[in-house]
Amino acid sequence: MDAPSTAFQADLGPALALKYQKLRDALADCGSAVVCFSGGVDSTLLLRVAHDVLGDQCLALTTISETMAQSEQREATDLAILIGARHEVVHSHELTRPGFAENPINRCYHCKSELLEL
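Just so you know, we're using our numbering here: the sequence shown kicks off at 27 and counts up by one.
In case anyone wonders, no lab produced these hints; they're calculated from the structure. Check the hints yourself; a few may be wrong.
Calculated cross-link-like contacts (lysine to aspartate or glutamate; reagent style DMTMM-like; alpha-carbon spacing at most 20 Å) [to be verified]:
(1) K48 with D68
(2) K48 with D37
(3) K45 with D68
(4) K45 with D78
(5) K48 with D78
(6) K45 with D55
Ranges between beta-carbon positions, derived for each pair [unchecked claim]:
(7) Y135 with K45: 27 to 35 Å
(8) N129 with A43: 40 to 48 Å
(9) G125 with D37: 43 to 51 Å
(10) N132 with C62: 13 to 21 Å
(11) E143 with L44: 35 to 43 Å
(12) D68 with S139: 13 to 21 Å
(13) L44 with V116: 32 to 40 Å
Glycine included, each C-beta is placed from N, C-alpha and C at the ideal position.
Make a model of the complete structure from these sequences and hints.
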């Protein structure tokens, strides 16, 4: 894929432009990537850069469950389409995972464990 314009890189400032280039280089070294894509700011940035670098070798993967609002599901799909990335949706059943619904202090562990097993 084409690199972003030099004007875009100049807008980043030198320190951020260097980090951005390191991210592009790391993704290029991978050759392909699956981006866990929620549609939030972080995963949207990563998906955009990964798609710019890898093209069709980049896949956006969104998990949906009872805990994800339908509007967030639609937004993730719309953003993936806007970026031009391939996008797959899988269903998660995190509420059936022991410990998840109890909302303990380590609740993020239960959610991430479910996602990583999909």
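Tested hints:
no. : hint                      : result
1   : K48 with D68              : holds, 16 Å
2   : K48 with D37              : holds, 17 Å
3   : K45 with D68              : holds, 15 Å
4   : K45 with D78              : holds, 16 Å
5   : K48 with D78              : holds, 14 Å
6   : K45 with D55              : holds, 15 Å
7   : Y135 with K45: 27 to 35 Å : holds, 29 Å
8   : N129 with A43: 40 to 48 Å : holds, 41 Å
9   : G125 with D37: 43 to 51 Å : holds, 45 Å
10  : N132 with C62: 13 to 21 Å : holds, 19 Å
11  : E143 with L44: 35 to 43 Å : holds, 36 Å
12  : D68 with S139: 13 to 21 Å : holds, 20 Å
13  : L44 with V116: 32 to 40 Å : holds, 35 Å
Every hint from the earlier list agrees with this structure, and none is contradicted.
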